[in-house]
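J.: Residue numbers (the working numbering), protein chains in the order written: chain Y, 1 to 141; chain L, 1 to 141; chain V, 1 to 141; chain S, 1 to 141.
A portion of the hints provided could be inaccurate.
[Stated by the list, open to error] Here are the simulated SDA-like cross-link-like pairs (lysine to any residue), alpha carbons at most 20 Å apart as the crow flies:
#1 S:K17 - L:E55
#2 S:K52 - L:A79
#3 L:K73 - Y:P127
#4 S:K73 - V:P131
#5 L:K17 - S:R85
#6 L:K10 - L:K73
[Claimed, not checked] What the simulated footprint calls covered on chain L by chain Y, stretch by stretch (three residues with Cβ under 8 Å from a Cβ of chain Y suffice, anywhere in the stretch; the number is not a length):
#7 79-87
#8 90-101
Hints were generated in silico from the structure; no laboratory data involved. Where a beta carbon is used, it is the ideal one built from N, C-alpha and C, also for glycine.
There are 4 protein chains.
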Amino acid sequence: MSELPVPFSKEFCLELKVRDYECDMAHVVNNAVYLNYLEHARHEFLESLGIKFAEMARRRVSLVVTRIEADFKSSLVSADTFVVRTSLTRKGRLRFQFHQSIHRLPDNRLMLSAVVTGTALNERGRPEIPPELECVLDGHC
Amino acid sequence: MSELPVPFSKEFCLELKVRDYECDMAHVVNNAVYLNYLEHARHEFLESLGIKFAEMARRRVSLVVTRIEADFKSSLVSADTFVVRTSLTRKGRLRFQFHQSIHRLPDNRLMLSAVVTGTALNERGRPEIPPELECVLDGHC
Amino acid sequence: MSELPVPFSKEFCLELKVRDYECDMAHVVNNAVYLNYLEHARHEFLESLGIKFAEMARRRVSLVVTRIEADFKSSLVSADTFVVRTSLTRKGRLRFQFHQSIHRLPDNRLMLSAVVTGTALNERGRPEIPPELECVLDGHC
Amino acid sequence: MSELPVPFSKEFCLELKVRDYECDMAHVVNNAVYLNYLEHARHEFLESLGIKFAEMARRRVSLVVTRIEADFKSSLVSADTFVVRTSLTRKGRLRFQFHQSIHRLPDNRLMLSAVVTGTALNERGRPEIPPELECVLDGHC
Numbered sequence: 001m002s003e004l005p006v007p008f009s010k011e012f013c014l015e016l017k018v019r020d021y022e023c024d025m026a027h028v029v030n031n032a033v034y035l036n037y038l039e040h041a042r043h044e045f046l047e048s049l050g051i052k053f054a055e056m057a058r059r060r061v062s063l064v065v066t067r068i069e070a071d072f073k074s075s076l077v078s079a080d081t082f083v084v085r086t087s088l089t090r091k092g093r094l095r096f097q098f099h100q101s102i103h104r105l106p107d108n109r110l111m112l113s114a115v116v117t118g119t120a121l122n123e124r125g126r127p128e129i130p131p132e133l134e135c136v137l138d139g140h141c
Numbered sequence: 001m002s003e004l005p006v007p008f009s010k011e012f013c014l015e016l017k018v019r020d021y022e023c024d025m026a027h028v029v030n031n032a033v034y035l036n037y038l039e040h041a042r043h044e045f046l047e048s049l050g051i052k053f054a055e056m057a058r059r060r061v062s063l064v065v066t067r068i069e070a071d072f073k074s075s076l077v078s079a080d081t082f083v084v085r086t087s088l089t090r091k092g093r094l095r096f097q098f099h100q101s102i103h104r105l106p107d108n109r110l111m112l113s114a115v116v117t118g119t120a121l122n123e124r125g126r127p128e129i130p131p132e133l134e135c136v137l138d139g140h141c
Numbered sequence: 001m002s003e004l005p006v007p008f009s010k011e012f013c014l015e016l017k018v019r020d021y022e023c024d025m026a027h028v029v030n031n032a033v034y035l036n037y038l039e040h041a042r043h044e045f046l047e048s049l050g051i052k053f054a055e056m057a058r059r060r061v062s063l064v065v066t067r068i069e070a071d072f073k074s075s076l077v078s079a080d081t082f083v084v085r086t087s088l089t090r091k092g093r094l095r096f097q098f099h100q101s102i103h104r105l106p107d108n109r110l111m112l113s114a115v116v117t118g119t120a121l122n123e124r125g126r127p128e129i130p131p132e133l134e135c136v137l138d139g140h141c
Numbered sequence: 001m002s003e004l005p006v007p008f009s010k011e012f013c014l015e016l017k018v019r020d021y022e023c024d025m026a027h028v029v030n031n032a033v034y035l036n037y038l039e040h041a042r043h044e045f046l047e048s049l050g051i052k053f054a055e056m057a058r059r060r061v062s063l064v065v066t067r068i069e070a071d072f073k074s075s076l077v078s079a080d081t082f083v084v085r086t087s088l089t090r091k092g093r094l095r096f097q098f099h100q101s102i103h104r105l106p107d108n109r110l111m112l113s114a115v116v117t118g119t120a121l122n123e124r125g126r127p128e129i130p131p132e133l134e135c136v137l138d139g140h141c
């Protein structure tokens, strides 16, 4: 019987609003901007767990994305509000995965779903999960 | 015997240089910026075939990304130059796929590979490949 | 006795939070991003008055910035929250000015002050204030 | 007789092309993006003089913008190529000024002119011009 990955975390929700400068000539949010939304949600999520990207970067520890799979279902447009949902699962010793989705408000229509795989690099650029994240991934804090 | 997709196109190459504002606190190009690079390369490629995103958008025809799979192999940093390689394949009646990679120069190290699936929407927001793209995807022009 | 410009409007306040992707290698919000904040605040302000940039752009009417003067007093960093204050004054027949500031929260420290001069272009690209904005600038709605 | 500032430098020219993701719903380059162009040109200029922003940031020395005055004369659009011209002048002991312009190619039409004032902050966040920049501003290297 295969084990399903168990998300350690409850879903973290972040509500945002489209800004006009994020929209391109086709009057929709440009595809790269969704990655900005997803990253911001991941960082807010991690911050809620006491993990600060900026503080890590000062120690030359970095969280890096190794793979993104994103399905764009429909386009956000000017003035839309939406919620980014994020949860986190461990993937082996050195990797973790965020499952993320963007739903438009108030109709809750799914606009994007994504799986973002990442790792952490230590100050020598080698994969190593820093203690504060290790502790979160183990579900002990 | 299964048919492999035949890229209609020769590979299109675009050489770019990292700009410092594209780098984040970890001193690497932020992951969303790679999608900017990939989009710019696709648009330059299409422009080389006579297909202009801006002109289409004026007619309310839009090319939209429906799925992105991207593997981040290594990080571009300040002052790096790199080449984006792009080729295009038809996927059924209403979809097409760009195969893209980013190699750092001059050592040609693979930094990112991606498959970007897209479709086109007509002025009523329905999937429909516009004639100038149809012609390219068929390999007749 | 010289006449001082009379802001037609009460101050419009928008509270935002720095996103990590907006910070550059120096660990501060990149200078161009402040213009994103200011534009977003202006558009939210105009939206609160019933004026929608996206809807105007569809009619090929555009609001354009003709001059920006910005004093950068101190730098926003990761996780900072701040308020953008915006007010609007008419400048002659075809121009208007936004006075904007960014104060960090909760200490209310001034981070940036700016004067942004703009005009509107009609569908032929000629300066012309559209009726909905004319009405706001006159203080009649 | 008042002294005019003497630009130490010959003009540095950087040729770029508009990328479609830099254009907004009004089908013009968004105003904040011009600051990206100007910063990139300043950094390329400084790099040509041996001064590297990324390397400074690693030493926690940062070049910061204290004031921007920019006149937007006309709008760049999709597919435009343009040249950014940059020169540098000292302003007192702790400040320096970049005079920058953007001209569209091939008709050389002036699109934007700007004066960008900056200073440098040492690792304690205090204004101090680092030696490699001091040397450039003095015209001795």
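J.: Each of the hints needs a verdict: does it hold here or not?
T.: Hints, one by one, checked against the model:
1. S:K17 - L:E55: holds (17 Å)
2. S:K52 - L:A79: holds (9 Å)
3. L:K73 - Y:P127: The hint holds at about 13 Å.
4. S:K73 - V:P131: violated (24 Å)
5. L:K17 - S:R85: Roughly 18 Å between the alpha carbons, so the hint for L:K17 and S:R85 holds.
6. L:K10 - L:K73: violated (24 Å)
7. 79-87: Coverage by chain Y is violated for the region 79-87 of chain L (0 residues, Cβ < 8 Å).
8. 90-101: It is violated: at least three residues are needed, and the region 90-101 of chain L offers just 0 whose Cβ sits closer than 8 Å to chain Y.
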